[in-house]
Amino acid sequence: MNDNYNEQLDLFHVNLDGFEGPLDLLLSLAKEQKVDLLEISILELASQYLNFIDQMKKIDIDLAADYIVMASWLAFLKSKLLLPDQDDEDVSAKELSAILAFRLRRLEVMREVGSKLITRDREGIHVFRRGMPENIFLIKNFNHKDTLFDLISSYSGLRNRNYDNSWKPRVFSIFSIEDARNRLEKMLGTIVDWTKIEDFLPVNNDVSEEGVLFRKSSLASIFSASLELSKEGMIEINQNKNFGSIKFKIKENRSNINEMLA
Amino acid sequence: MIEDNENNPLIEFSDQIRAVEALLFAASDPLDEKTLKDMLPVDTDIEEIMNNLLNLYKGRGVELKKVNNKWMFKTASDLSFIMQKEAKIQKKLSKAALETLSIIAYHQPVSRAEIEEIRGVTASPGTIDTLMEINWVKIKGRRKTPGNPITYGTTDEFLVHFDLENTKELPGLDELKSTGLLDSNLPPDMYPIDDDLEHIEENN
Amino acid sequence: MIEDNENNPLIEFSDQIRAVEALLFAASDPLDEKTLKDMLPVDTDIEEIMNNLLNLYKGRGVELKKVNNKWMFKTASDLSFIMQKEAKIQKKLSKAALETLSIIAYHQPVSRAEIEEIRGVTASPGTIDTLMEINWVKIKGRRKTPGNPITYGTTDEFLVHFDLENTKELPGLDELKSTGLLDSNLPPDMYPIDDDLEHIEENN
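Protein chains in written order, with the numbering used here: chain A, 1 to 262; chain B, 1 to 204; chain C, 1 to 204.
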């Protein structure tokens, strides 16, 4: 395991790939201090972690949330450690440091016992059971090897299989800009005076989510189409004040043309 | 009766004898003498070892046997009443049986028609029978709906075998999702275990 | 060295001992004393039988071992150098899986949330699954706290694989318990003493 750590330390300035999360990173940084975890300087450790994360952010913007959360917590802890103790605090900076040291030590011992476990005499590697088991008649269900895992994974597999999980995008009924332009052109041919934008909207009294979306999209599309038409010199747009009502009117010369065409 | 190590002739046995004993015990097939010899030091007198082992296991619950020039341990033939002659019971349930069992476990009390609906296939007639034969599934009663279909549920033996205290200990939909076993897009209305499961009164 | 049956103490063994020997040999999986007893006459002193078998197999190539109050035969561990030739290649556990396994073993029964808390990362789906699939980890039940989370623990297979008689024998368990390192929160004796506060400020 130690060799593994040394390898990771070499990679410190490169990436986070070798780490199993922020606690793992902190533990590796702590080991760099080369002191007993119980005597570790949490302030120094917090600074190291924050520096490391800062460097990482320059290379990799997609830093996992776990690391960012730990960084902000450590920044908080660091500021608490540097400031004089406040009386109204629920938890003292020292207590928070102790909790962090405890968590690091706890993770470390879990790794230690893991390496102890894995080096024991293991069945199927060092030690073996009977290679030719015989069926025992008298023990009921003895020969059934189905486990709970088999049962629940079978159920999950069944559920996954029967559920159509292909993704279908939701189709919204919206009023396209193209439709809006056609509608505006048609209506402005018959309207001569300044007319509010709302009067151009298609009638829709649907109160469902769909209906609301349709009305919002028609307002947006009519407005966009009006900008297009105005740019082309076909209509005039008027708004007296901020958030005041928007009005359209066909351009004078254009209405004449329309009359001539009509 | 063997009282202590001083009187136990076994500890005098050479490591080679111990090794052959272990190899034959762990082997999944009978081993011939050449195979055994290849695993042991060159000067090993394999015949003497086999003779020693033969004597050692004579009259015991487990005997050393030579079959087709290969050696194997076998339980003594006079104890065969304990052993099953042939493996009648499969070691693992078939996929269909395991699926049916899981549906019964999660949806009990459940009728055959409902099982078929969930599995999306017509149940083969033997599947539920098999599960009832090994006593993991039982008839729970009849549902008080038209046709009064028979409903099925799991037995205490099922709980014992799968080391469950009760069927509520089965992981629920959310838990299956968090393990990654279940597609996380499954709609929530497919939640398998009804919280009121116990309150559904069936004719037991 | 055994010359003939007259000098072989083994044939004096009662049929009951032979039967238990045969059963444990045949089973390959650990069997508990109750199961063994159920298959023998009512007056059987199972403890005496086990003591006899333990003595008989002491120092042999095949040894009798106790796992979670169940009995099984296994090859002697000092013969591993020969047996390794027979060993099938085992999948290597990932660092995350071994860490998760250790946490489950030493903290059992333990919930997924607690495992994540100790590891300081969100568990990738699949880690606990893998451990359940190789049958080292099982669902222990639901905790009677809000949310009733499922808790995990180790199986008999885990004990067999790592040559442990029971979970109390996990290496270093007592020491870890006494130092409070298996507690879920900071143990009381690890709380900092307020008098030292100025000292820490000076240091930094």
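The hints are simulated quantities; they were obtained by calculation from the structure and are not laboratory data.
Backbone N, C-alpha and C define an ideal beta-carbon position, used for all residues, glycine too.
Some clues are possibly wrong.
Unchecked claim - A few chain C residues that don't get close to chain A, going by computed Cβ distances all over 10 Å:
| # | residue |
| --- | --- |
| 1 | Q16 |
| 2 | D29 |
| 3 | K66 |
| 4 | K95 |
| 5 | A96 |
| 6 | T122 |
| 7 | D129 |
| 8 | I139 |
| 9 | T145 |
| 10 | T151 |
| 11 | H161 |
| 12 | P187 |
What the hints assert, rightly or not - One side of the interface only, derived from the structure: several residues of chain A facing chain C at Cβ under 8 Å:
| # | residue |
| --- | --- |
| 13 | P22 |
| 14 | A98 |
| 15 | F102 |
| 16 | K116 |
| 17 | E228 |
| 18 | E232 |
Enumerated hints in conflict with the structure, sorted upward | Checked against the structure, the hints that fail are numbers 2, 4, 5, 6, 7, 8, 11, 12, 17 and 18, while the rest are satisfied.
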